[in-house]
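Residue numbers (my numbering), protein chains in the order written: chain A, 1 to 206; chain B, 1 to 636.
No lab work stands behind these hints: they were computed from the structure.
One should not assume that every hint holds.
For lysine-lysine, the following DSS-like pairs were computed, each having C-alpha atoms within a straight-line distance of at most 25 Å [as the list claims (entries may be wrong)]:
hint : chain 1 : residue 1 : chain 2 : residue 2
1    : B       : Lys134    : B       : Lys320
2    : A       : Lys176    : B       : Lys219
3    : A       : Lys176    : B       : Lys320
4    : B       : Lys11     : A       : Lys176
5    : B       : Lys565    : B       : Lys542
6    : B       : Lys217    : B       : Lys6
7    : B       : Lys219    : B       : Lys325
8    : A       : Lys5      : A       : Lys186
9    : B       : Lys287    : B       : Lys320
10   : B       : Lys134    : B       : Lys350
11   : B       : Lys519    : B       : Lys568
12   : B       : Lys572    : B       : Lys542
13   : B       : Lys288    : B       : Lys212
14   : B       : Lys633    : B       : Lys393
15   : A       : Lys186    : B       : Lys633
16   : B       : Lys288    : B       : Lys325
17   : B       : Lys393    : B       : Lys217
18   : A       : Lys186    : B       : Lys320
19   : B       : Lys12     : A       : Lys5
20   : B       : Lys307    : B       : Lys217
21   : A       : Lys186    : B       : Lys287
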Amino acid sequence: MAFEKDPFNIIITGVGGQGNVLASQLLGQMLVQQGYMITIGETYGASQRGGSVMSHIRVSQRDQFSPLIPEGKCDLVVGLEPVEALRVLANYGNPGVLMLINTRPIYPIDVIAGNASYPELSILLKKIQRLSRNVWTLNATEIGLELGDPIFSNIVMLGALSVLDLLPLHREEFQKAIEELLPSHKLHLNMEAFERGREAVQKLPV
Amino acid sequence: MSILSKDSPGKKTLFMGNEAIARGAIEAGVQVCAAYPGNPSSEIIGSLSQVAEELGIYVEWSVNEKVAVEVAAAASFAGLRGLTAMKQNGLNVASDFLFNLNLTGSKGGLVIVVCDDPSALSSTNEEDSRPYAKMCDLPLLEPATVQEAKEMTRWAFDLSEELGLPCLIRSVTRLSHARGIAELGNMPKNRPNPRFDTSRPIIPQPVMLTHKALHDKIKKCQDRFEESAFNLYRGPERPELLVVTCGPGWMYVREALANMGAENRAGIVKLGTTWPLPGSFLMEHLKKANRILFVEEVDPFLENNIKEFCAQRAAELEVKTFLGKASGNLPDVGEINPDIVTGAIQQVLKVSYEPRPLQYTQEAAEAVSLFAPSRELGFCAGCPHRATYWSVKNALAMDGRDGILLGDIGCYALGVRPAGFGQMKTCHAMGSGIGLANGFGQLERFGLNQPVLTVCGDSTFYHAAIPALVNARYNRSNFLMLILDNSATAMTGFQPHPGTGRTAMGAEAPVVEIEGLCKALGAQVEVKNPFDVQDTTEAIYKLLQDREGIKVLILRQECALVRVKRQKALYKVRVNQEQCIGQECGCNRRCTRIFKCPGLAWDPVTGKAQIDEAICTGCGVCADICPQSAILKETI
């Protein structure tokens, strides 16, 4: 499968603890299995504690790229949290960028404390829509909670991503990647999370 | 099955940089690996520990970096291959041994990996560890890609053995924590049996002779580096600009030139062997252009050393213009990235390049400033440290003498920030809190009337606090030490330590008890549960009133991230919406505005507190601080 661009640059972003790293690793593994050249850059460490986190994933058929996407060169944002999806556009966005967003907010401490306000979701999504080509949304955290743990939201998002037809991410490839990276007793629920994401994703009407 | 132990030569696999280093060591036949965890290096030994049993190698989490290098060196002295890995600060701890080890030399291949953290993404400093190689006259390699990380590590063992010197590998966060593709090589076949030749003691004396021998070895090393395929040139024969780079800079420069369409105008000298400098290789390429731009992290190591080299060889070279950190073309602090490199090259070559429409950049920046509230770092939901700092704050307020809390490195270092109510007042090296407390504890004689407290984590206690505690006892210092025992090296990924009863390889281990150790050192010791904030507050207050000798208060509660892996929640926590009277209460929203656990939320519509069930881990502490008893904790 040829992409619109080579390298095709993806950012998975969210808040520390949402499973950003595993999502990027699974996505990378699925593509490596099919012969693509992948580089992933992670931001974690101190930022694990409630801070913004992101993974840069660079997909290519011709070369290995650096682990950091240059300014304005992101092609797809997978936002595990809506405000974080917007945040990465400041450095990496461009008018052609595609957005897949989990609509469930995680409130920053300053918002919980009443020192800052969290934007209304509809206004936030409109703004994101203005700054991108297409937006798809779903409440992945809610699905995660229904499956017993909000941590599944990252897998739900991968499922959602697989139906957008931007990358060759099939169910079988996902299963292989899960089997490679996680203990076998975790397969069933992860497969279910993946399916639920496929069903739930919707394009945001313009 | 871990990718580290796969015997499938030629298979292309996605590796984290640190795993690639580990795999390189495995392919080289490493037998002993030891380290103290520290980001961004932790996954090297961490991933080796997962396959140690299977591969028949020995892996340990050592108590600190100096001991770790000594453990790996012992293997080398016995003819085996040894590996140690650490973060930049760790090399400072290990350096005392290193400055003797260079003189004695090594036998079996000995590789010391140092992972620097430019911009201090998970560190207290952004120290550049490369000058150690120059100071110690040791070979230094800097991988630029994940594949190279694996290849260099494997080669470093051969080089070390050939030279009889430990070999340093310097990685950085953007390589260690990046993932990329590396091709698997062959698994090792024969492993030697250990034997120490007692007829030949390994000592640095006579120093003049061993120092001279060291200089001879490093000269021989330079010859090897001249031929190394890790150094290369890419670009036109007569470029307008020569960019000298190493590490991840190599990828950034390539992409920047490609994006700007300037590949025909600039050439890249990519160095993989950065000390000693490969002089003949450099001479060949330095002649190509007279403008030279250095791209490296963090300090101008290549920049200064190559300038010095050019001065020495000035007669053979034309006049050069050096561009880099000294000239202000690149920042002299922080990590570099593709955009910084693009900007620097754009300025030098006067290329016009716009990565995206300017209007978009402005609109996106404005949207983020309006709609994306920033995320202050905080403790995780249910973290025992939040409860501890809450008690410290209240105990110090009750005491009223403006007590000083001295701290150090670990998750609890967030105690300097709003997350820890700003209680921690100093942060330096591992164990520095108690070291400073030793000193502050002596100042009463000059009139210091503030009580002295220090805070230290369980892993840090073993790493660096014990000698300071001995010092305190011996010199009759006076302070209260809080040991925050969360039963893990939490900051770096929950590695086991001497207090956890487990080794790196998963075997049972005797527990080195903190209480027993402190008591043996003559401290007055108490143990409390930090989740019981009232009891803890009273204990701290009481211990501060007795101003004689050292008091140790162990605050024991498992790291919330470790606990939730095993058991979901201690309590089911909810807010009784009738009982919570919101702003009317007069508590100033104690739960959300003051205690600020991310598991809590404030509903602006009802004006009452709530629990965010996706975040709350059920520690129940907020139930104890609510003056209305509106937050309920129910045992599960």
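Quick rundown of the hints versus the structure:
no.	hint	result
1	Lys134(B) / Lys320(B)	24 Å, holds
2	Lys176(A) / Lys219(B)	50 Å, violated
3	Lys176(A) / Lys320(B)	55 Å, violated
4	Lys11(B) / Lys176(A)	16 Å, holds
5	Lys565(B) / Lys542(B)	36 Å, violated
6	Lys217(B) / Lys6(B)	35 Å, violated
7	Lys219(B) / Lys325(B)	29 Å, violated
8	Lys5(A) / Lys186(A)	34 Å, violated
9	Lys287(B) / Lys320(B)	9 Å, holds
10	Lys134(B) / Lys350(B)	36 Å, violated
11	Lys519(B) / Lys568(B)	35 Å, violated
12	Lys572(B) / Lys542(B)	32 Å, violated
13	Lys288(B) / Lys212(B)	35 Å, violated
14	Lys633(B) / Lys393(B)	24 Å, holds
15	Lys186(A) / Lys633(B)	30 Å, violated
16	Lys288(B) / Lys325(B)	22 Å, holds
17	Lys393(B) / Lys217(B)	57 Å, violated
18	Lys186(A) / Lys320(B)	60 Å, violated
19	Lys12(B) / Lys5(A)	23 Å, holds
20	Lys307(B) / Lys217(B)	24 Å, holds
21	Lys186(A) / Lys287(B)	59 Å, violated
Going through the hint list in order, the structure does not satisfy hints 2, 3, 5, 6, 7, 8, 10, 11, 12, 13, 15, 17, 18 and 21.
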